[in-house]
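Line by line, the protein sequences give chains A, B, C and D.
Residues 1 to 192 in this note's numbering are what the first sequence lists, from first letter to last.
Residues 1 to 192 in this note's numbering are what the second sequence lists, from first letter to last.
Residues 1 to 192 in this note's numbering are what the third sequence lists, from first letter to last.
Residues 1 to 192 in this note's numbering are what the fourth sequence lists, from first letter to last.
Wrong hints could be hidden among the right ones.
A pair holds if it fits inside one copy or across any two, identical chains being indistinguishable in the list.
Unchecked claim - Quick list of in silico lysine-lysine cross-link-like pairs, DSBU-like style, CA-CA up to 30 Å:
{"hint": "1", "residue 1": "2", "residue 2": "50"}
{"hint": "2", "residue 1": "38", "residue 2": "19"}
{"hint": "3", "residue 1": "189", "residue 2": "2"}
{"hint": "4", "residue 1": "19", "residue 2": "189"}
No lab work stands behind these hints: they were computed from the structure.
There are 4 protein chains.
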Amino acid sequence: MKCDLTKDDQVLDMFARIKQDLGGVDVCINNAGMSVVKSLLEGTPEDWRKILDLNVVALCLCTREAVASMKERGVDGHIIHINSINGHCIPPQPVSHFYTGTKHMVTALTEALRQELRQANSNIKISAISPGLVETEFLMRAGRTPEAARQMYQEMPSLQADDVTDSLIHALSAPPHVQVHDIIVRPAKSVN
Amino acid sequence: MKCDLTKDDQVLDMFARIKQDLGGVDVCINNAGMSVVKSLLEGTPEDWRKILDLNVVALCLCTREAVASMKERGVDGHIIHINSINGHCIPPQPVSHFYTGTKHMVTALTEALRQELRQANSNIKISAISPGLVETEFLMRAGRTPEAARQMYQEMPSLQADDVTDSLIHALSAPPHVQVHDIIVRPAKSVN
Amino acid sequence: MKCDLTKDDQVLDMFARIKQDLGGVDVCINNAGMSVVKSLLEGTPEDWRKILDLNVVALCLCTREAVASMKERGVDGHIIHINSINGHCIPPQPVSHFYTGTKHMVTALTEALRQELRQANSNIKISAISPGLVETEFLMRAGRTPEAARQMYQEMPSLQADDVTDSLIHALSAPPHVQVHDIIVRPAKSVN
Amino acid sequence: MKCDLTKDDQVLDMFARIKQDLGGVDVCINNAGMSVVKSLLEGTPEDWRKILDLNVVALCLCTREAVASMKERGVDGHIIHINSINGHCIPPQPVSHFYTGTKHMVTALTEALRQELRQANSNIKISAISPGLVETEFLMRAGRTPEAARQMYQEMPSLQADDVTDSLIHALSAPPHVQVHDIIVRPAKSVN
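Given the sequences, and given the hints that come with them, work out the whole structure.
Structure representation (structure tokens):
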């Protein structure tokens, strides 16, 4: 099922089809995120809205729909935000600073949702995984050429997607009384 | 001069007219901010985009244009983000949680712009003021009735606009070698 | 082997005996920590020094000795600080505030040691585990009666020691290129 | 009046003499702080205890005594912790890392005392000032030679003591309903 997460209609359609085909959502992993390789003083409102639409609005909408699906069926499900190490520090790379800002917002939204679920006496869990650089198509999509992206991943210490999955499984497999709040994980050789 | 800060064209027009009429911008105070009284699980993408457009996109656009105006004329100007105490903590009020997220983003953007200006060897300053609740039209605009807003300001300890101005003046009047990074200020009786 | 970790001589003796009997230290888990049930305005310098001696000084000394042992033998070992959720937030319980302060210091020391190891081009890893309340003898040792401690653990959501071990194993079993920086984990029903 | 702040007896004597000679304490500015120029892996328990005794224990003891003096006389006084920019970030200088840890603890203790005073319904204020490098005898006392210290202050952007005083006065002169929580202030050219 393909879905442009920045189109609200497509997101709502996706959740409707999941309900029809599968009954509903038990686990929602908000993994999508993007950046644009421009400093704050070079960026444009178009860039910024595109990044916010994916990193913040889609994350909030998918979360809202997933929680609604869980509540509807009385499922104690699990929301997982794939955040970033940049949600916890501000590496001195201006071209990633706007992205870093959105991830600080995700850090706040993680704790905020936890508070809201606890106040509603819900058993639904919320966790974040905050990895350092992961070797994916991320840098290319942010505007690097394939060659530049390949070279950066060779030169900079990076994680593999499987490493993030390992932490995801750790959070997901915790017993009911345990809520992993955040797993911050870096390439071992990472400077920032 | 009136300007809807969430309309990029109007913002660019405003800066063009400032240039024409006044020569340019020396000090830019990003004061506008809004919230919508809904929890994360009640909010809508429309609400979220409206809040992000003002609290984040307009702040970034005005900052970019103001810095460009300063550089153009060789002025060592000053950008001031009016952030919020909610940029530094997450009060347990779900109806303000999305707003809180945007303000955490502003906290990160403040340090991010500082880094970018330092790396460019610029003398332009960036400061934030992070006040607790200020008695303004904020709560009414966020969706409270005038009566509810009035009552909340009576019941909750709050600052006056002049208190924020006092801190603003402290930041603005610092000598050239001193950069106030952030002034966090609360109503003395505030719990959060 | 018994060791009062607040006595430097005993700590150094312990490491000497480990070297003699086992060759050295490959993994060092700084687990010991204590509190005294008094607010900041009720505490005494004696209380504070006792808490600092265990939560900060012993942690730093054991870390220093363990890293020295690893370097001596060319072992890419692992230091793990058992921090606390109170290293990341400040729950509104004055009787735990001094303890909370020491844990904020441990959060800073975790990142600080990471930076120092990276600058030395070392492969030794440093991780933290930051759990919420764990059912142990902690509350009793902090000055609660056995009855009060038992009741608090019944009334307040808490983790079991095994839950912390699970996160510890996740951090320890990461492949060489992956460094878990911090796992923040709470009782699922915890308010703070 | 001379007082070695790391000797509890001398601190208690000082407050006794203030009471006798002046009636009591209305404003307490916890300004003393020290570092030792050694990385975490080079430091000694003696260094660490000396730093903790001044930066944490003396600060807590003076605060406790000052608040007691204010309460005794029904004075709505003011405690001010002179913290550091290193209470809010972790600059990549291993020789200052232990100091940085103590200042993160002061950041936590500032908010902690605020909570304790609010819960006690007290009007006593607590503020922090968190400056970057200030040109004082600090570096020399931390173990630098006078020449090295002088050179460092010439090469590194730094604040003057008067700049800190300016922020102090801003915090102290706020009206009763306003509590400055923290003023973070850097040399304008500072990188960290």
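Results of checking the hints against the structure:
1. 2 with 50: both (18 Å within a copy, 27 Å between copies)
2. 38 with 19: between (39 Å within a copy, 25 Å between copies)
3. 189 with 2: Classified as neither: same-chain Cα gap 36 Å, cross-chain 36 Å, threshold 30 Å.
4. 19 with 189: between (43 Å within a copy, 28 Å between copies)
Of the numbered hints listed earlier, the single one contradicted by the structure is hint 3.
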